[in-house]
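Please construct the entire structure, taking both the sequences and the accompanying hints into account.
Protein chains: 2
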Amino acid sequence: MAAKGLATAASAARRRGRAVPKIDLFYDVASPYSWLAFETLMRYRDLGVWDADITLRPFFLGGIMKATGNKPPATLKAKGKYMKGDLARMAKYHGAPLVPLKDPRAMFETLAAQRLLNAAAVDAPEQLEGLTRELWTRLWGGGGDIASEQGLQEACMGTGMDASSARSLLARSGDADIKARLKEETEVALRRGAFGAPWISLRTCADDDDDRKPWEAFFGCDRFDVLAQAMGQPWFGPHPSLSKL
Amino acid sequence: MAAKGLATAASAARRRGRAVPKIDLFYDVASPYSWLAFETLMRYRDLGVWDADITLRPFFLGGIMKATGNKPPATLKAKGKYMKGDLARMAKYHGAPLVPLKDPRAMFETLAAQRLLNAAAVDAPEQLEGLTRELWTRLWGGGGDIASEQGLQEACMGTGMDASSARSLLARSGDADIKARLKEETEVALRRGAFGAPWISLRTCADDDDDRKPWEAFFGCDRFDVLAQAMGQPWFGPHPSLSKL
Numbered sequence: 001m002a003a004k005g006l007a008t009a010a011s012a013a014r015r016r017g018r019a020v021p022k023i024d025l026f027y028d029v030a031s032p033y034s035w036l037a038f039e040t041l042m043r044y045r046d047l048g049v050w051d052a053d054i055t056l057r058p059f060f061l062g063g064i065m066k067a068t069g070n071k072p073p074a075t076l077k078a079k080g081k082y083m084k085g086d087l088a089r090m091a092k093y094h095g096a097p098l099v100p101l102k103d104p105r106a107m108f109e110t111l112a113a114q115r116l117l118n119a120a121a122v123d124a125p126e127q128l129e130g131l132t133r134e135l136w137t138r139l140w141g142g143g144g145d146i147a148s149e150q151g152l153q154e155a156c157m158g159t160g161m162d163a164s165s166a167r168s169l170l171a172r173s174g175d176a177d178i179k180a181r182l183k184e185e186t187e188v189a190l191r192r193g194a195f196g197a198p199w200i201s202l203r204t205c206a207d208d209d210d211d212r213k214p215w216e217a218f219f220g221c222d223r224f225d226v227l228a229q230a231m232g233q234p235w236f237g238p239h240p241s242l243s244k245l
Numbered sequence: 001m002a003a004k005g006l007a008t009a010a011s012a013a014r015r016r017g018r019a020v021p022k023i024d025l026f027y028d029v030a031s032p033y034s035w036l037a038f039e040t041l042m043r044y045r046d047l048g049v050w051d052a053d054i055t056l057r058p059f060f061l062g063g064i065m066k067a068t069g070n071k072p073p074a075t076l077k078a079k080g081k082y083m084k085g086d087l088a089r090m091a092k093y094h095g096a097p098l099v100p101l102k103d104p105r106a107m108f109e110t111l112a113a114q115r116l117l118n119a120a121a122v123d124a125p126e127q128l129e130g131l132t133r134e135l136w137t138r139l140w141g142g143g144g145d146i147a148s149e150q151g152l153q154e155a156c157m158g159t160g161m162d163a164s165s166a167r168s169l170l171a172r173s174g175d176a177d178i179k180a181r182l183k184e185e186t187e188v189a190l191r192r193g194a195f196g197a198p199w200i201s202l203r204t205c206a207d208d209d210d211d212r213k214p215w216e217a218f219f220g221c222d223r224f225d226v227l228a229q230a231m232g233q234p235w236f237g238p239h240p241s242l243s244k245l
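Sequence order for the protein chains is A and B.
1 is the number of the first residue of the first sequence in UniProt numbering; add one for each residue after it.
1 is the number of the first residue of the second sequence in UniProt numbering; add one for each residue after it.
It is possible that part of the hints are untrue.
DEER-style ranges, computed between Cβ atoms [claimed, not checked]:
#, chain 1, residue 1, chain 2, residue 2, range
1, B, 145, A, 69, 29 to 35 Å
2, B, 71, A, 67, 57 to 63 Å
3, A, 187, B, 19, 36 to 42 Å
4, B, 163, A, 77, 45 to 51 Å
5, A, 71, B, 191, 20 to 26 Å
6, B, 77, A, 45, 30 to 36 Å
7, B, 167, A, 97, 55 to 61 Å
8, A, 99, B, 213, 25 to 31 Å
Here are the simulated DSBU-like cross-link-like pairs (lysine-lysine), alpha carbons at most 35 Å apart as the crow flies [as the list claims (entries may be wrong)]:
#, chain 1, residue 1, chain 2, residue 2
9, A, 213, B, 92
10, B, 84, A, 92
11, B, 179, A, 92
12, B, 102, A, 92
13, A, 183, B, 71
14, B, 102, A, 71
15, B, 213, B, 22
16, B, 77, A, 84
17, A, 179, B, 92
18, B, 22, A, 77
19, A, 71, B, 66
20, B, 213, A, 183
21, B, 183, B, 92
22, A, 81, B, 213
23, B, 179, B, 71
Hints listed in this document are in silico derivations from the structure and should not be mistaken for laboratory results.
Model, not experiment: these values are computed from the prediction.
Note that CB positions come from ideal geometry on N, CA and C, so glycine has one too.
In structure tokens form, the structure reads like this:
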């Protein structure tokens, strides 16, 4: 398979000591386009097509909108109508089982979910990816609510956690340091220019983590071709495993 | 070259009597992303990669924004900042010599230019593509103004028209039927869901030109992969001639 050959080439580059590009994915499970970006990024990582260090950074989209004065696209009638059709075909294209929300208000109630993800990032980082997917599958995949205690508990258990670990993680998500972490992640994204989600930031040089050093920004799930070009790595569309190269 | 082989395959499909997809590109030279969409579409047509009938439909973006309540993205500070960088790399990626406007107000003075393009569509359709490119090269390529009589005259002559033909076309652009045509084109785009530019609409069935029949909409210059998929035709990025397939 092509992806395998590419993975080998990428590993070779890594062994030669070239700086490995860093990709930060800032997301809020409120954002359906972020789900598409997430699945595509995870696919490129799992197949080893991209030699990049990808970090999942759950932030709070409500805070981003408030700080920048931006409004959700669907608040404009014509844009909302277009987005409905665009989301359906983009979901098919990127391969995420996205279904329209029955009640759009659910999109605005993700604060607890984003805190939970930050608790996972600190206490159970190996669960972060699975829990993120579980929350999206519930909210945007028709699998249930993520605003109630019960919904979040079920999401945790959907990743294979037992009831007691789920309860602990949920309790942790209310702690001051976790709340502060979510705020800080949102601030970092703002400093990197974010006004929406997904906000993908890329650093190709070997700089340290000083945020004053420049990061390149990619907004949305429709700039992967340009992101790949910026890294000097290939783009085969959202399903690299289907590539015939 | 790969594109040649594909062109042959496309022509064969056409000969077999399959319905040829129709693509309408609604654009205003005010919109830089429309320039990128235009150049990429013209490239796919020139190389014969896509078997599609592409129609250039100059409309009035100001009218679209007013009717839908939409605002130019750059009116939001963070979005304007992002757009500046995004435009530069997208221009490089799509291959248009786009440079930032010295005076952003020039973007809002395209009514006369859009009328001129509608006059060309009626009186000199063979000039429409060249004149469109000329206007973009002036406004977004640093080549001069397109708001003054002088600027528009120069744009016409830039396509190879003599001074007298240029004057005639300019005079025609003030006629009532041309003004009405621009309004009508803008109305058609609104009926097809437009809230910005470029607005690309696609019909793959063999229906007649009844606007009540559905057209699929693609907003922006970043949905070509999905547009190609909807037509069942290939997408090789903005430069199909460089494809190694």
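Keeping to a limit of 35 Å between CA atoms, is the pair of residue 84 of chain B and residue 92 of chain A held or broken? Holds, at about 30 Å.
Given the hinted pair residue 179 of chain B and residue 71 of chain B, is their Cα-Cα distance within 35 Å? holds, 24 Å
Mind checking the alpha carbons of residue 213 of chain B and residue 183 of chain A for me, to see if they're no more than 35 Å apart? violated, 48 Å
Do the alpha carbons of residue 102 of chain B and residue 71 of chain A lie within 35 Å of each other, as the hint requires? holds, 28 Å
36 to 42 Å as the expected CB spacing between residue 19 of chain B and residue 187 of chain A, which holds or is violated: violated, 53 Å
How does the Cβ-Cβ distance of residue 167 of chain B and residue 97 of chain A compare with 55 to 61 Å: does it lie in that range? holds, 60 Å
Range first: 45 to 51 Å. Now tell me if the beta carbons of residue 163 of chain B and residue 77 of chain A are that far apart. Since residue 163 of chain B and residue 77 of chain A have Cβ atoms about 47 Å apart, the given range 45 to 51 Å holds.
Has the given pair, residue 22 of chain B with residue 77 of chain A, been kept, meaning a C-alpha gap of at most 35 Å? holds, 26 Å
Verify the proposed pairing of residue 179 of chain B with residue 92 of chain A, using a straight-line Cα cut of 35 Å. violated, 41 Å
Straight-line Cα separation of residue 179 of chain A and residue 92 of chain B no greater than 35 Å? violated, 41 Å
Holds or violated: residue 213 of chain B with residue 22 of chain B, Cα cutoff 35 Å? holds, 13 Å
Falls inside 57 to 63 Å, the C-beta gap from residue 71 of chain B to residue 67 of chain A? violated, 18 Å
The structure fails hints 2, 3, 11, 12, 17, 20 (numbered hints given earlier, in ascending order).
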